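Asker: Take a look at the letters that make up each chain.
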Amino acid sequence: EDQVTQSPEALRLQEGESSSLNCSYTVSGLRGLFWYRQDPGKGPEFLFTLYSAGEEKEKERLKATLTKKESFLHITAPKPEDSATYLCAVPHGGSQGNLIFGKGTKLSVKP
Amino acid sequence: DTGVSQDPRHKITKRGQNVTFRCDPISEHNRLYWYRQTLGQGPEFLTYFQNEAQLEKSRLLSDRFSAERPKGSFSTLEIQRTEQGDSAMYLCASSFSTGNQPQHFGDGTRLSIL
Numbered sequence: 001e002d003q004v005t006q007s008p009e010a011l012r013l014q015e016g017e018s019s020s021l022n023c024s025y026t027v028s029g030l031r032g033l034f035w036y037r038q039d040p041g042k043g044p045e046f047l048f049t050l051y052s053a054g055e056e057k058e059k060e061r062l063k064a065t066l067t068k069k070e071s072f073l074h075i076t077a078p079k080p081e082d083s084a085t086y087l088c089a090v091p092h093g094g095s096q097g098n099l100i101f102g103k104g105t106k107l108s109v110k111p
Numbered sequence: 112d113t114g115v116s117q118d119p120r121h122k123i124t125k126r127g128q129n130v131t132f133r134c135d136p137i138s139e140h141n142r143l144y145w146y147r148q149t150l151g152q153g154p155e156f157l158t159y160f161q162n163e164a165q166l167e168k169s170r171l172l173s174d175r176f177s178a179e180r181p182k183g184s185f186s187t188l189e190i191q192r193t194e195q196g197d198s199a200m201y202l203c204a205s206s207f208s209t210g211n212q213p214q215h216f217g218d219g220t221r222l223s224i225l
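Order-wise, the sequence lines are chains S and F. Everything in the first sequence is counted per the numbering used here, starting at 1 for the first residue and increasing by one. Everything in the second sequence is counted per the numbering used here, starting at 112 for the first residue and increasing by one.
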């Protein structure tokens, strides 16, 4: 069964304290892994797509990496405005449109 | 560039009533998706369209749910005879159909059933 698991569920950091979020996936035939950021009361905002093991993408303080079993979202020197829930998703193995999401990691960055 | 637009943002209704939500996708996108999200969970897929055609429906989409995209532009999601368990955020997303393009989400309609 296709599945996405994210850890930790919640993460509290001090401003400037770097860390990583994990996304483990099980899917038949990976056709991309997507990272999103979601603020309270808003829809998910697209961050990155990763297509193959070894690929890396960067945007400001965020860097996403991909292996054959998991993806990491590394946050370097975070700021309070990075506080949000980070979601990862993969396309369902037998579908063209069905994204399977993890439950997300709620990140809080304190000044 | 306008993003995905959803209306209304909030809907409060009594159990048993029918409700309808509207989604206007990014104009260049030919795929449109509906998801449902409850507190502490990631979005769950409901259905998607490519142009006017509804290509996939989740088992979550009971007979009380119906979605349309009559002219391949905006879409509506209707829930008939609402139940307490229908309370959730209903999210719409759109994308191009080539390859595995990222889906871009609207800010959702929050449905509360009294």
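One or more of the hints may lead you astray.
Said to hold, decoys possible - Computed Cβ-Cβ distance ranges for the label pairs, DEER-style:
| no. | chain 1 | residue 1 | chain 2 | residue 2 | range |
| --- | --- | --- | --- | --- | --- |
| 1 | S | F46 | F | R170 | 24 to 30 Å |
| 2 | F | K182 | S | E60 | 34 to 40 Å |
| 3 | S | P8 | F | Q195 | 26 to 32 Å |
Don't read these hints as lab results, they were simulated from the structure. Every value quoted in this text rests on a predicted model; they were computed, and no experiment measured them. The beta-carbon is built from N, C-alpha and C at its ideal position, and this holds for glycine as well.
Asker: Give a verdict on every hint.
Answerer: Results for each hint:
1. F46/S <-> R170/F: 24 to 30 Å: 26 Å, holds
2. K182/F <-> E60/S: 34 to 40 Å: 39 Å, holds
3. P8/S <-> Q195/F: 26 to 32 Å: 31 Å, holds
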